[in-house]
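Residue numbers for the sequence shown follow this note's numbering, beginning at 1 and rising by one.
It is worth saying that the hints were derived from the structure and are not from the lab. Any given hint might turn out to be false.
If you anchor each label on the Cβ, the simulated ranges turn out as follows [to be verified]:
id	residue 1	residue 2	range
1	K278	K369	50 to 58 Å
2	K375	S158	22 to 30 Å
3	K225	S350	19 to 27 Å
As a list, the in silico DSS-like pairs of lysine-lysine whose alpha-carbon atoms are at most 27 Å apart [said to hold, decoys possible]:
id	residue 1	residue 2
4	K301	K139
5	K167	K224
6	K201	K95
7	K95	K273
8	K167	K273
9	K167	K179
Quick caveat, the model's predicted, so the values are computed rather than measured. Glycine is no exception: its CB is placed at the ideal position from the N, C-alpha and C atoms.
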Amino acid sequence: MNKNSLFDLKKDYDGIQIPTELNENIQAGIERGRLQMNKDNKNNKHTILKICASFAVALTLVTAGVNMSSSFAKFLQDIPYVGNLVKVLQFNNGKSDGGSITDGTDISGIDSFEEEGYENIIINFSQNDELQENVGAFKVNYNENPYTMTFEIGGARSFSAEENFEKLLDNKYVKDVYKIITLDDSMVRFVIEFNGPVEYKVEERKSPASIIVGLKEDEDYQEKKSYSLRTQSYEYGETLGSLEESLIADYEPRILKDENGLFFVEIGSFTTKQEADKQLDELAKSIDTELLVEERTGIEKPQSIVPEITDNNETTTNPESDTDASNESAYSVSISEDGNQYYGKVEILSDGLSIYNDEDKETVKYDYKNIQLTKSLGENSFVLEIKSGDKNIMITGVYSDFFEKLGKYSVVE
Numbered sequence: 001m002n003k004n005s006l007f008d009l010k011k012d013y014d015g016i017q018i019p020t021e022l023n024e025n026i027q028a029g030i031e032r033g034r035l036q037m038n039k040d041n042k043n044n045k046h047t048i049l050k051i052c053a054s055f056a057v058a059l060t061l062v063t064a065g066v067n068m069s070s071s072f073a074k075f076l077q078d079i080p081y082v083g084n085l086v087k088v089l090q091f092n093n094g095k096s097d098g099g100s101i102t103d104g105t106d107i108s109g110i111d112s113f114e115e116e117g118y119e120n121i122i123i124n125f126s127q128n129d130e131l132q133e134n135v136g137a138f139k140v141n142y143n144e145n146p147y148t149m150t151f152e153i154g155g156a157r158s159f160s161a162e163e164n165f166e167k168l169l170d171n172k173y174v175k176d177v178y179k180i181i182t183l184d185d186s187m188v189r190f191v192i193e194f195n196g197p198v199e200y201k202v203e204e205r206k207s208p209a210s211i212i213v214g215l216k217e218d219e220d221y222q223e224k225k226s227y228s229l230r231t232q233s234y235e236y237g238e239t240l241g242s243l244e245e246s247l248i249a250d251y252e253p254r255i256l257k258d259e260n261g262l263f264f265v266e267i268g269s270f271t272t273k274q275e276a277d278k279q280l281d282e283l284a285k286s287i288d289t290e291l292l293v294e295e296r297t298g299i300e301k302p303q304s305i306v307p308e309i310t311d312n313n314e315t316t317t318n319p320e321s322d323t324d325a326s327n328e329s330a331y332s333v334s335i336s337e338d339g340n341q342y343y344g345k346v347e348i349l350s351d352g353l354s355i356y357n358d359e360d361k362e363t364v365k366y367d368y369k370n371i372q373l374t375k376s377l378g379e380n381s382f383v384l385e386i387k388s389g390d391k392n393i394m395i396t397g398v399y400s401d402f403f404e405k406l407g408k409y410s411v412v413e
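Using the sequences and the accompanying hints, generate a full structural model.
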C-alpha cells in the first residue's frame with residue numbers, strides 16, 4: 001500500500017474491512033491502557049503487562065483476520081490511536097479554532113511521533129478517566145520571534161499531560177513546552193516553542209477526541225528582525241495573569257517565557273523600532289504598567305527584564321542578560337492586606353521582609369523578630385502569611401526558591 005503522508009492514512013483505514021464493534025473496542029482499549037498507565041504509573045507493573053498482553057492478542061486477531069496492509073498494522077503498533085477526522089483547521093494570520101463546548105475535560109495525554117516525513121504531536125482528552133468523544137472548544141495561534149504555537153482549551157479543568165511535557169522535547173522541532181497562567185478556572189493554555197520556523201498542519205479528531213499537529217521545516221522562510229512591545233518579567237502567578245487581562249480588551253497579547261524561566265506579556269510585535277516606540281508612547285498615556293521595546297530575531301530567547309527597587313522606592317528595569325533572575329531578592333506578587341488587594345513586590349532582606357506597593361509606590365519593612373511566617377499551598381503557587389500584631393498579610397505568587405532563600409534568615413511554619 002502506498003502512503004504519501006500521515007494524513008493519507010485515513011484513506012487506507014477506510015478501505016479495511018474490520019467489524020465496527022471490534023475496531024471500536026480495540027482502539028478504545030488501547031487508549032484506556034494508556035490512561036491507566038499514566039494514572040497508576042508508580043505501582044502498576046503487573047497491570048501494564050496485562051494491558052500489553054491484551055493489546056498484543058487483539059492486534060494479532062485483527063491482523064490475522066482481515067486483509068490489512070503491513071504498513072498500517074505497524075502504524076497502529078507504533079503510535080497512539082487517533083480518532084476520526086473532523087476537520088483540518090484553516091488558519092488566518094496564524095489563528096484558527098475548533099471543537100465544541102464541553103466541561104470537566106482533562107488534557108490527559110500529549111505525545112510525539114514521526115510518520116512519512118512529518119514530526120507529529122498528538123493531544124488526547126478524557127473525562128473521569130474515560131475517553132472523551134469530542135474536543136472541547138479550542139483556539140490555536142502560531143506566532144514568530146520566537147516561533148510558538150499557543151493552545152487555549154475551553155472546558156478544561158485539569159492537565160494530567162503536563163507531566164509528559166518532556167516527551168515532546170524528543171520532537172526535533174520542539175525547543176520548549178510550558179503552561180501559561182489563566183485566571184479562568186475552566187480553561188487551560190499552554191505554549192509549544194519551536195527551534196525555528198515550521199510548516200504546520202492541525203487536525204481535529206473525534207471518537208476519541210484528539211488534536212494532531214503535523215510539523216515540517218519551513219525551508220523557504222526568511223528570518224527577520226522584530227521589535228517587541230512588552231512588560232517586564234514576572235514569576236508565574238496572578239500578577240502576570242492580571243497584567244494580560246488588563247490588556248486583552250484592546251490588544252492581542254501573548255504570554256512568553258524568557259531566558260531565565262520567568263514570564264512576560266508581549267502586547268505587540270513590530271517590523272521597525274519607530275513603530276514600536278510610537279505605540280509605546282501612546283500606551284504610556286493610558287497604562288500604568290511599565291512597558292519597554294525589545295529587539296529580537298528568529299529563535300532568540302527573550303531577555304529576562306525584572307523590576308528593581310532603588311533606595312528612593314522607585315522601580316527601574318534591569319535586563320538580566322548576564323545574571324540569573326532567579327537570584328534576585330525582589331519577587332513580584334499579589335498582596336492582600338486588611339481586605340485590600342494590590343500588586344507589588346516582596347524583597348528578602350537579612351533582617352526582615354520589605355513589601356513594596358506598585359500602586360502608591362510605598363515600601364514597608366517588617367523585621368523577622370516581630371512577625372510570624374506561615375507557608376501554605378494555593379491554587380497555582382505557594383502562599384506566605386505574615387502576622388504582625390493585629391495585621392494579617394497574605395502574599396500569593398511565591399515559589400520554592402523564595403522559601404529556600406527566606407529560610408536562611410527566618411523560620412517559616
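**OP:** Mind checking the alpha carbons of K167 and K179 for me, to see if they're no more than 27 Å apart?
**Re:** The given pair, whose Cα atoms are some 15 Å apart, holds under the 27 Å limit.
Subject >> Pairwise hint evaluation, K273 against K167, where the allowed Cα distance is 27 Å at most >> reply: violated, 38 Å
**OP:** With a cut-off of 27 Å on the C-alpha distance, tell me whether K201 and K95 pass.
**Re:** Within the cut-off at roughly 12 Å; holds.
Original post:
Would the pair K95 and K273 pass a check requiring their Cα atoms to be no farther apart than 27 Å?
Top reply: With a Cα-Cα distance of about 25 Å, the restraint between K95 and K273 holds, given a limit of 27 Å.
Original post:
Regarding the pair K301 and K139, is the alpha-carbon distance no greater than 27 Å?
Top reply: holds, 24 Å
**OP:** Please test the hint of 50 to 58 Å on the beta carbon pair from K278 and K369.
**Re:** holds, 52 Å
Subject >> Assessment of proposed distance window 19 to 27 Å (beta carbons of K225, S350) >> reply: For K225 and S350 the Cβ distance comes to about 44 Å; the hint is violated.
Subject >> Straight-line alpha-carbon gap K167 to K224, limit 27 Å >> reply: Distance of about 30 Å is beyond 27 Å: violated.
Original post:
Taking the CB of K375 and the CB of S158, does the distance hold inside 22 to 30 Å?
Top reply: holds, 24 Å
Hint compliance for this structure: hints 3, 5, 8 are not met, and every other hint is.
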